[in-house]
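**Student:** Spelled out from the first residue to the last, the chains are:
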Amino acid sequence: MTASDLQKAVLALDRATMTSELVKATQTLCGLRNLEAAPTLIKVLGFNNPAVGAVATQGLIALGRDVVPTLLVSLDVGNYGARAWVIRAIATLRDPRGLDLLEHALKADIAPSVRRSATRGLAEMELEGPSFFRDFSRCCEALFKAAADDEWIVRYAAAFGLEQRFCQNSTDTGLRMQAIAHLEQLSSTSEAVKVVQQRAKLALQRLQAE
Amino acid sequence: MQPLNEQQVIANLRQRDDASDRYYAAWWIGKMRSQHPEAVPLLLDTLSALSDDPVDEDDRGVALNAIRALGLLLNPAAHDPLMQLLGSKDYSVREEAARSLGAMKTKAAIPQLCQLLSGGPAAAGREQVGASTLKEPCEALLEALGNIGVNNPDVVAVITPFSAHPRPLVRAAACRALLQLMKEQRWANELEQLLQHPEPLVRRGVLLDLGASGWTAALPAIEDASVEASLKLVALRGLAEQSDDIKVLDVMDRLL
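So the sequence lines, in the order shown, correspond to chains Z and X. Under the numbering used here, think of the first position of the first sequence as 1, with each following residue one higher. Under the numbering used here, think of the first position of the second sequence as 1001, with each following residue one higher.
Keep in mind the hints are simulated off the structure, nothing from the lab. We put the beta carbon where it would ideally sit given N, CA and C, even for glycine. Some clues are possibly wrong.
Said to hold, decoys possible - Some but not every residue of chain X turned toward chain Z, in silico, with C-beta under 10 Å: (1) Ala1122; (2) Leu1233; (3) Ala1240; (4) Glu1241; (5) Met1252; (6) Asp1253.
Modelling step: build the complete structure from the supplied sequences, incorporating the hints.
**Tutor:** Structural data, given as structure tokens:
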């Protein structure tokens, strides 16, 4: 691969106007597997075109965790679509450097799909090192908040997330008991949405079967 | 602004001075599934304005929200008043009434729903000059018949011709209803084919139809559709709530 491959791909993207051309140019850019293509792929997320955004997000995810610092500094707070894709990419990469961002997105973002992705990210983030216990507890506290969200899909994601967080980890019994209490609440008739009840029941079954 | 409580909302619906407060109150009562004893009587009261001549625009807006709310509250007291509205001259009133009757699974409404669809795509489904709507709100009527769920040859005979309507979303509504009633894979196949439509708007509508059908075999098609994940999750919610199948929840987990 040469620098001119990247330049050519960026140029093709600049010239593209129709969705099909944009998708093709974005695919080419993704195919280079080059970290230097990341800023352009992030720009593409702001085009407000779901087909193109999906391709670019997959391309960014394929670059692996090396792309996380670039993603963290380039978040376009004004563009809801782009923000949703970036949160999604960081959640999928499970990189603990995204903790602050996901925590904040879940607390403050008005778009339910962003809070949903952030919740999934907090559920699956791979925690490690000396800050493990502190980060684990931050993720749990965030998931407890998600369990009380106004939107059903965020509560659904919280039920999923609490199962993920506690299916292997039983070190902190206090947090685990809180998690079970939240799941019991979500699986009861005080939860208005049936599919959330269904998911919470499944999580309880799986956690209590261990 | 303070969030409203139920007591205030009921008072807002009862008063006649501020139409926008009434409009919002009618919506709120449905959204929150209010069980207040006065909720249904007050919603039903708003419907009388639809028989005025001419109908006041503000009152009409309140009544349309009330019809939708009644479809969410599922109170049997609404069956008869909503069925009467199927005879309204107002297209949107017939449309919303059909949707709510479908949600309430009002079997007694079936003859009227079939009557409105009579003549098939060339009559009830005819394009109107100078308007974007068909002669009748066919999608709502077809969906209502599917949701009510009475599978008999007369109903199937009324619905089937619409599976060849020129508009893809009307075809989808017919296939969805036939799938709900007959539980035959061929109607799911038709829907899955429509899910490949070049128009995103059509794909979104078809996806929700597949979800509403409760047809679990459509799970892979829903997962792979080129539609945004948020909408797939809504469609899968319909599938999960009707089927109680853990496989559906697994797919939802992957889409979060």
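**Student:** Against this structure, judge whether each hint is valid.
**Tutor:** Here's how the hints hold up against the structure:
{"no.": "1", "hint": "Ala1122", "verdict": "violated, 36 Å"}
{"no.": "2", "hint": "Leu1233", "verdict": "holds, 6 Å"}
{"no.": "3", "hint": "Ala1240", "verdict": "holds, 5 Å"}
{"no.": "4", "hint": "Glu1241", "verdict": "holds, 5 Å"}
{"no.": "5", "hint": "Met1252", "verdict": "holds, 7 Å"}
{"no.": "6", "hint": "Asp1253", "verdict": "holds, 5 Å"}
Checked against the numbered hints listed earlier, the structure breaks hint 1 alone; every other hint is satisfied.
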